[in-house]
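Chemist: Order-wise, the sequence lines are chains A and B. For the numbering used here, count along the first sequence from 1 and bump the result up by 3. For the numbering used here, count along the second sequence from 1 and bump the result up by 3.
By construction, these hints were calculated from the structure, which means they are not laboratory data. It should be emphasised that the depicted structure is a prediction, and the values quoted were computed from it without experimental measurement. Where hints are given, some of them may not hold.
Note that the list lumps identical chains together, so a pair holds whenever it fits in one copy or between two copies.
[Stated by the list, open to error] Calculated pairs, DMTMM-like style, for lysine to aspartate or glutamate (alpha carbon to alpha carbon, straight line, at most 20 Å):
1) 54 / 44
2) 50 / 321
3) 14 / 49
4) 157 / 145
Below, each chain spelled out in residue letters.
2 protein chains.
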Amino acid sequence: MRKGDTIVFDKPPCVLSYAAVGGKKESEGPLSEAFDMLITDTRCGEKTWEKAESDFVRCCLETALKKARLEPGALNAVFAGDLQCQCTASAYTMRGFDVPYLGLYGACSTMAEGMGLASCMVAGGHMRHAAAMSSSHFCAAERQFRTPLDYGGKRTPTAQWTVTGAGTAILAQEGEGPYVRAATFGRVRDYDITDINNMGAAMAPAACETIVRYFSDTGEDPAHFDAIYTGDLGMVGSTLLLQLLEQAGLKLNNHKDCGLIVYDRESQNVQAGGSGAGCSAAVLCCHVLPALREGRMSRVLFLSTGALMSQTTFLQGESIPGIAHLIELSSGLTRPGVKGGAA
Amino acid sequence: MRKGDTIVFDKPPCVLSYAAVGGKKESEGPLSEAFDMLITDTRCGEKTWEKAESDFVRCCLETALKKARLEPGALNAVFAGDLQCQCTASAYTMRGFDVPYLGLYGACSTMAEGMGLASCMVAGGHMRHAAAMSSSHFCAAERQFRTPLDYGGKRTPTAQWTVTGAGTAILAQEGEGPYVRAATFGRVRDYDITDINNMGAAMAPAACETIVRYFSDTGEDPAHFDAIYTGDLGMVGSTLLLQLLEQAGLKLNNHKDCGLIVYDRESQNVQAGGSGAGCSAAVLCCHVLPALREGRMSRVLFLSTGALMSQTTFLQGESIPGIAHLIELSSGLTRPGVKGGAA
Numbered sequence: 004m005r006k007g008d009t010i011v012f013d014k015p016p017c018v019l020s021y022a023a024v025g026g027k028k029e030s031e032g033p034l035s036e037a038f039d040m041l042i043t044d045t046r047c048g049e050k051t052w053e054k055a056e057s058d059f060v061r062c063c064l065e066t067a068l069k070k071a072r073l074e075p076g077a078l079n080a081v082f083a084g085d086l087q088c089q090c091t092a093s094a095y096t097m098r099g100f101d102v103p104y105l106g107l108y109g110a111c112s113t114m115a116e117g118m119g120l121a122s123c124m125v126a127g128g129h130m131r132h133a134a135a136m137s138s139s140h141f142c143a144a145e146r147q148f149r150t151p152l153d154y155g156g157k158r159t160p161t162a163q164w165t166v167t168g169a170g171t172a173i174l175a176q177e178g179e180g181p182y183v184r185a186a187t188f189g190r191v192r193d194y195d196i197t198d199i200n201n202m203g204a205a206m207a208p209a210a211c212e213t214i215v216r217y218f219s220d221t222g223e224d225p226a227h228f229d230a231i232y233t234g235d236l237g238m239v240g241s242t243l244l245l246q247l248l249e250q251a252g253l254k255l256n257n258h259k260d261c262g263l264i265v266y267d268r269e270s271q272n273v274q275a276g277g278s279g280a281g282c283s284a285a286v287l288c289c290h291v292l293p294a295l296r297e298g299r300m301s302r303v304l305f306l307s308t309g310a311l312m313s314q315t316t317f318l319q320g321e322s323i324p325g326i327a328h329l330i331e332l333s334s335g336l337t338r339p340g341v342k343g344g345a346a
Numbered sequence: 004m005r006k007g008d009t010i011v012f013d014k015p016p017c018v019l020s021y022a023a024v025g026g027k028k029e030s031e032g033p034l035s036e037a038f039d040m041l042i043t044d045t046r047c048g049e050k051t052w053e054k055a056e057s058d059f060v061r062c063c064l065e066t067a068l069k070k071a072r073l074e075p076g077a078l079n080a081v082f083a084g085d086l087q088c089q090c091t092a093s094a095y096t097m098r099g100f101d102v103p104y105l106g107l108y109g110a111c112s113t114m115a116e117g118m119g120l121a122s123c124m125v126a127g128g129h130m131r132h133a134a135a136m137s138s139s140h141f142c143a144a145e146r147q148f149r150t151p152l153d154y155g156g157k158r159t160p161t162a163q164w165t166v167t168g169a170g171t172a173i174l175a176q177e178g179e180g181p182y183v184r185a186a187t188f189g190r191v192r193d194y195d196i197t198d199i200n201n202m203g204a205a206m207a208p209a210a211c212e213t214i215v216r217y218f219s220d221t222g223e224d225p226a227h228f229d230a231i232y233t234g235d236l237g238m239v240g241s242t243l244l245l246q247l248l249e250q251a252g253l254k255l256n257n258h259k260d261c262g263l264i265v266y267d268r269e270s271q272n273v274q275a276g277g278s279g280a281g282c283s284a285a286v287l288c289c290h291v292l293p294a295l296r297e298g299r300m301s302r303v304l305f306l307s308t309g310a311l312m313s314q315t316t317f318l319q320g321e322s323i324p325g326i327a328h329l330i331e332l333s334s335g336l337t338r339p340g341v342k343g344g345a346a
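One chain only, chain A, in its complex shape:
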């Protein structure tokens, strides 16, 4: 059923399993214990960071399959994307899995985009099992979008630290939950930010637009959710988001940002927080979904937020468009609007 832009699933797909893989910095952060796997060798024994990222992704998909007790052949599709030019971390990983592959590009919004699309395919009866997956790698991203690491550039206070990690979730038509109850696909918003070291500001307007639209479409009350997660706005973007939402008449007391959960800003020297396509993907899979399954939360909104520029458009002086996709998750299948109560 559609309500405005929001797709509300009559038969909500179940998140059958999920897995998250993190790197060295993630192993030193607050979620250290939550990751399924931590690989502290940033190169994973490979010659390049790009290949290492593919290894992270492969381990992540393998772990999610194992936890679901599924063979790769049981997947009808993997929806995946990453930040490398031409999404090669995902594509090169999929050489090793004989499974239909649907490549996405939503920058850091990819995980919610994949979760939303995979949910629609499963809910629509087109697929039995579909995976959503995304990843990023600090070293590969820095040299691609900003400067080579060897350059040793000073990081600005608005800069964010790209998560080295991956997250994978497998959706199925049935199961014990958590469930994807609804999805709102986002629209591009561009507030004319041109600072490639201030992604949070570039993405906040898109997050605001998607959140406002979800609540306007559904008539829901933000207070009925345990938390409203954004992907990787960091401190700067989160502050802006709350200001923009208040201007739009929406006051949130339960906003959390994956970029502020994955690292300890006090001790980890990550400036405004974490970022990267792997940030929201990993935090979803090692923090949000487990809390829903284990009953520590019953209902959340989860957004991934993406900045859609490239190094080319940046050098050409273009501004940075943002986008944010949203999914509504619940632990059980009680009627929406009522908080709590596993199925």
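Add chain B to chain A, keeping to what the hints say.
Modeler: Below, chain B alone, put in the same frame as chain A:
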């Protein structure tokens, strides 16, 4: 209904409208008359080729909307992607349309990926109208994937000419056709091709795998189709495809390649033929879909084929993975397996 990897639509979505925009070289080719719009200024009056590509895409989407007599707001989503790093041609275009945007990356396979996904969303009842769109630009692609044009590199005989153009199709739950009857999403295939000037060879195995799977899934007979189109295999890849298919026990007499239709290889100096994400997108929208609507063909398979490398993986000595997505199109809604007969 699923048959193996193939999604067969119980209620096939209708292609409500379609539009194709081409550039200078396309205006000199055999399909010149078929394009909705020809823009012979490669820069479209812009300062960069990248911005010009966004203009092509914008014109294409505007034209498709006009032909469908729809306002942009009637679209529930645009599925789009292109070859520029981080898919900026599509994302920057979508700044100008206040419509949910789902970014795809399938390299030159993007159009069939978008058509398949948009069809599933419409057939599953999640969307009323959804657009699929893709584009490419010769100058932007050459400097990104190979060498800057100013370098004046000699082109090899296996090289292909990236189409400067775009194609957009709008899908709806109902209408007079043509219809998308089925979709088969492809798997990554890598035959260890490392020559960035031989995309056709890198993509042919993936095309073979998807075609063989479609026929094995459905039990259909290739002779029941007016044509089986591939995206941009060119002369080298097409020859290889037919050999691979014959080895797999499938003999096609009706194979056509969009890369061999869009240019005249005799007179246009395009080496092995056309390529690029805009190649199959434009040929679908100015050649295949019109022939189905006007009754000159009644049933076709349409594949877009993608090579999933980047300039980074190429410089790192990696091989080139290929992928191919397939849709089945028909002019009417008579029962599948029987050729001919508009609804």
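Chemist: Does each hint hold? Answer for all of them.
Modeler: Each hint tested on the structure:
Only within a single protomer do residue 54 and residue 44 lie at most 20 Å apart by alpha-carbon distance; the minimum there is 12 Å, versus 40 Å between protomers. Within a single copy, residue 50 and residue 321 get their C-alpha atoms only as close as 34 Å, which misses the 20 Å cut-off; across copies the closest is 12 Å, which meets it. In this homomeric assembly, residue 14 and residue 49 never come within 20 Å of each other (Cα to Cα): the closest approach is 43 Å inside a single copy and 48 Å across copies. Taking the shortest Cα distances, residue 157 and residue 145 sit within 20 Å of each other inside one copy (12 Å), while across copies they are farther apart (34 Å).
In this structure, only the earlier hint numbered 3 is contradicted, and the remaining ones agree with it.
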